[in-house]
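Engineer: So the chains spell out like this:
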Amino acid sequence: MTELLLIFISTLLINNFVLSYFLGICPFLGVSGKIESAIGMGLAVTFVMTLATSISWLIYHLILVKFNLLFLQYVIFILVIASLVQMVEMFIRKFSSGLYQALGIYLPLITTNCAILGAALFMVSRNYSFLESVVFGFSGGLGFSLVLLVMAGIRQELEDADVPRVFKGVPLTLITAGLLALIFMGFSGLFSSI
Amino acid sequence: MITTAIITLGVAGFIFSLTLALLSKRLKVEEDPRALKVIEILPGLNCGACGFSGCRAFAEAVVREGQIFNGCLPGGDELNQQISAVIGVTACLQSKSQVVVCRCGAEASEKKVATDYQGLLTCRAAQITGGALDCLYGCLAFGDCLKVCPVSALSLENKKIRVDFSKCIACGKCIQACPRNLFELVPWSKVNDLYWVACNNTEKALKVKKVCSRGCISCTICAKVSESPYYIKNNLSYLDYTKLSSETPLEAAKTKCPTKCIFSAKNPKGA
Amino acid sequence: MNNRDNFLKGLWSEHPVFRQLLGMCPTLAVTTSAKNGLYMGMAVIFVLTFSSLVVSLIKKIVPNQVRIAVYTVIIATFVTVVDIFFKAYIPDMSRQLGPYLPLIIVNCIILGRCEAFASKNNLKKSTIDALGMSAGFTWGLFVLGSIRELFGSGMILGFTILGKNYNPLIVMILPAGAFIVLGLLVAGMNRLEQK
Amino acid sequence: MKETLRIIGVLTSVCLVCAFLLALVYSRAAEKIEVNQNQRLKTAIANLAPGAEKVEEVSLGDSTIFKLSDKKQKLIGYAFLAQGQGYQDKIAILAVIDVSFGKLSGIEILESSETPGLGGKIQETDFLKQFKQLPVNNGLECVKTEAQADGQIKAITGATVSSRAVVDTINKKLVVLKSEIKNLK
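Chains as they are written, first to last, in numbering that gives the first Met the number 0: chain A, 0 to 193; chain B, 0 to 270; chain C, 0 to 194; chain D, 0 to 184.
Please keep in mind that the hints were generated in silico from the structure rather than gathered at the bench.
Since the model is a prediction, treat every value here as computed from it, not as a measurement.
Cross-link-like lysine-lysine pairs, in silico, DSS-like; alpha carbons within 25 Å at most:
#1 D:K31 - A:K65
#2 B:K232 - B:K253
#3 D:K89 - A:K65
Each pair of labels, with its calculated beta carbon distance range:
#4 D:G50 - C:K163: 35 to 45 Å
#5 A:L148 - D:K153: 37 to 47 Å
#6 C:D91 - A:S128: 27 to 37 Å
#7 C:N63 - B:E106: 47 to 57 Å
#8 C:W138 - D:K70: 52 to 62 Å
Where a beta carbon is used, it is the ideal one built from N, C-alpha and C, also for glycine.
Construct all of the structure, not just a fragment, from the sequences and the given hints.
Structural biologist: Structure representation (C-alpha cells):
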C-alpha cells in the first residue's frame with residue numbers, strides 16, 4: 000500500500016510528467032490557453048493513460064515476454080494506444096454526446112501525446128506490477144492535468160501583462176514553465192526515502 | 000523468431016483492425032447527412048459569430064432546428080442561401096450585409112495627450128486608469144480590438160483604427176472589446192459608398208477642441224445640407240442609415256465638414 | 000515552390016523547433032549535452048525521411064478510420080530499427096537517450112509532417128520536405144544542447160571551454176533550465192524576425 | 000463490407016510487413032546487443048575484482064548472483080546486481096563482495112539517469128571510491144557529514160536523494176542475499 004501511495008505522490012508531484020520528464024509538452028503548450036479546454040484535455044489524458052498502461056502491461060507480460068519478442072514493444076504499444084483512442088472516441092460519441100462535446104476534440108490529439116506512450120515505456124523499464132502500473136498511469140495523467148490547469152490559470156492572467164513584444168506568447172509560456180519546474184522541484188523534499 | 004514475430008504482430012493488427020472496423024459500423028452515429036453537407040459549405044473559421052461554439056455546432060443546430068438563426072456572418076448572403084437550400088427552408092436574408100466602422104478618426108498628431116502614460120498597454124487598462132488620451136471618448140489605440148478580430152480586418156495606422164471592409168465579417172467581437180464603444184455596425188449599402196461620422200465625443204464644441212483637432216464640434220453644417228441624412232444629437236453628428244438612397248447628398252455634407260470628421264470608403268463589393 | 004525552397008524552409012522560415020514548436024519532448028529532454036542533441040537529431044532524420052517516403056507511397060490505399068494507426072505503426076517500425084541499431088553499435092548513447100529514443104514515435108514533427116505534408120504530396124516533395132525539417136530539428140537540438148552544456152558544465156561536446164574555475168550553473172541542466180533557455184531562444188528568433 | 004475488409008486488410012498487412020522487417024533487423028543485431036550487455040557486466044566485474052578469472056552465474060532465491068573464483072578455482076567473492084528507484088528513474092548497481100559477506104570490494108553504477116551535475120555524480124569516482132573495501136557487517140548508512148564509522152557513506156552535497164537511493168538499494172539487496180547465501184552450497 001505504501002508503495003502505491005509513494006508511486007502516486009511521486010508521479011503526481013515530484014517526477015511530474017510535464018515538468019520533469021518533458022512528456023506531453025505539445026498539448027501543454029497548445030491547450031493551456033484556456034481553463035475549460037485544459038480541464039477537458041486533462042480528463043481525456045488521464046482516462047486514456049490509465050487504460051493504456053493497464054492494457055500495455057497485460058500485452059507486455061502475457062505475450063511479449065513469453066514469446067521473447069521484446070523488440071516489438073514499441074510497435075505494439077503504439078498500436079494499442081492509437082486503436083484505444085479511436086475506440087474511446089467512438090464509444091463516447093455514441094453513448095454520451097455531452098461528454099463528446101466536452102472531450103471529443105481533444106481525443107485525436109492524444110494519440111500523439113508522448114505522455115501516454117512514455118507512461119507505457121517507463122512502466123516497463125521500471126518493472127512495475129500490474130497494480131503499480133495502473134496507479135502510475137492514473138497519477139501520471141492526473142499530474143499532467145494539474146500542471147495543465149495551473150499553467151492555464153497563469154496564462155489567463157499573463158494575457159494582460161505588459162511584456163516585451165518578442166516575449167509575447169510562446170517564449171513567455173516556456174519561461175513560466177521553467178519557473179513552475181523549479182517550484183515543483185521543491186516537492187522532492189516531501190519524502191526522505193524515495 | 001521471425002515467424003513468431005510475424006504471427007504476433009499480424010494477429011494483433013488483425014484483432015485491432017477488426018475491432019475498429021466492427022466498432023465503426025456498430026457505433027456509427029447516425030449523423031444527419033445534411034449536417035455534414037452544411038459543415039462542408041461553412042468556411043470553418045470557428046469564429047463563433049453565429050452564436051454557436053463553432054461551425055460544427057452551428058451546422059448541427061441548423062439541421063436540428065430547421066432554421067438558420069442569424070446565419071453565418073463570414074459566409075454572407077450567398078452562403079446562407081446555400082445552407083437554406085440544404086435544409087429546405089427559405090433563408091431569412093439580412094436586407095443588407097453589415098460592416099463595422101470606428102467612430103474615432105483622429106490620428107496621432109490630432110489627438111492631444113497631456114500626461115506621459117506609464118500604465119499597462121491595453122485599452123481596457125488605460126480606460127480604467129486614464130491618462131493615455133485627453134479625449135474621454137476617442138480611440139486609445141492600444142489595439143484591444145485587433146486582438147479579437149478573427150479575420151484580421153483591423154489595423155492601427157498612426158494611432159487610428161483602419162477597417163478593411165472587404166475582410167470584415169461583422170461578427171461584433173470588436174464592439175465588445177472596445178472599452179469606449181467606438182465600433183458600430185452599419186449597413187453595407189449597395190447604392191452608396193460607405194459614410195460614417197468618425198467622432199464619438201458628446202461634449203460641447205469648446206471642450207472637444209481642447210482635446211482633439213478632428214472631433215465633431217456639432218456645428219450642424221452637415222445637417223443643414225438639403226435632404227441631409229445627418230442629424231445632431233447630444234452635440235454630436237449622426238448619420239441616419241435608414242434614409243439613404245442613391246440621391247442622398249452624402250458627399251456634399253462630407254466636404255463641408257470643417258473638422259473633416261466625416262469619413263467615407265468606396266464600396267468594394269460593387270453596386 | 001522549388002526543391003531548394005522546399006528544403007530550406009525547414010531550416011529557417013518554418014523551423015520545427017523555434018517556429019512551429021513541434022517535437023518539444025525530445026527537444027527539452029535530451030539536450031543536456033550537445034552530443035545527445037546531435038545523435039537524437041540524426042535518429043530523427045532517419046525516421047522522418049523514411050516514414051515520409053513510405054507514407055507518401057501508401058497514402059492512397061489507407062482508409063480513413065485506421066489512418067493514424069497505420070502511420071504510427073510505420074513510424075514505430077523505423078524507430079525500432081534505429082533503437083536496435085543504437086543498442087548494437089553505440090550502446091552508451093542508447094543508455095543516455097533512454098526512453099526518449101522510442102518517444103520519437105509520437106514526436107509531433109513526424110506524425111505532423113506525415114499527416115500534413117507526406118499524405119498530400121508526391122514522393123520527391125515529401126522526402127525533400129522531411130530532410131529539411133529533420134535537418135532543422137537537428138541544428139535546433141544541437142544549439143540548445145550546446146548552450147545548456149556550456150553553462151551547465153562548462154563544456155561543449157566534452158571539451159572544456161569555460162576553464163576549470165568555472166562554477167557550473169546546474170539549473171541549466173535541470174528541466175527548468177531547458178524551458179527557460181528554449182523560451183529565450185524563441186524570443187531571440189522573434190527579435191530577428193522583427194528586424 | 001468492402002470497407003470493413005479494406006480496414007482489416009491494410010492494417011494487418013502493414014503490421015505483417017513491419018513485423019517481418021523488425022524481426023529481420025533484430026535477428027541480425029541480437030547477438031551484438033547481447034555481447035554489448037555482457038561486455039559491460041564483464042568489464043565492470045573485472046574492474047572491481049581484478050583477481051577473478053572465472054565468473055559463474057547462479058540463481059539464488061529470486062535473484063541472480065555471480066560466483067567469482069581465482070586462478071586456482073578458489074572462491075574469492077560474489078558479484079550481484081541491485082536495482083532501486085533513484086530521483087529520476089531506476090538505478091542499476093553492480094556490487095562485488097567478499098566470501099563472508101563482510102566487506103564490499105566496490106560498486107559500479109550500470110544504469111542511471113540521475114540529473115547530470117547533481118545526482119549524476121553518483122557515477123563519479125569521488126563517490127564510488129567510498130565503497131572500496133567497505134566493511135558492511137552492520138549494513139550501510141548514508142550520512143551527511145564525513146563518514147566516521149564502518150559502513151558509513153558520505154552523501155553527495157545537493158544529491159542526498161540519489162546517494163541515499165544507492166546506499167539503500169545495496170542495503171536491501173544485501174539483507175536478502177545474506178539470509179539466502181546459506182542455501183548456496
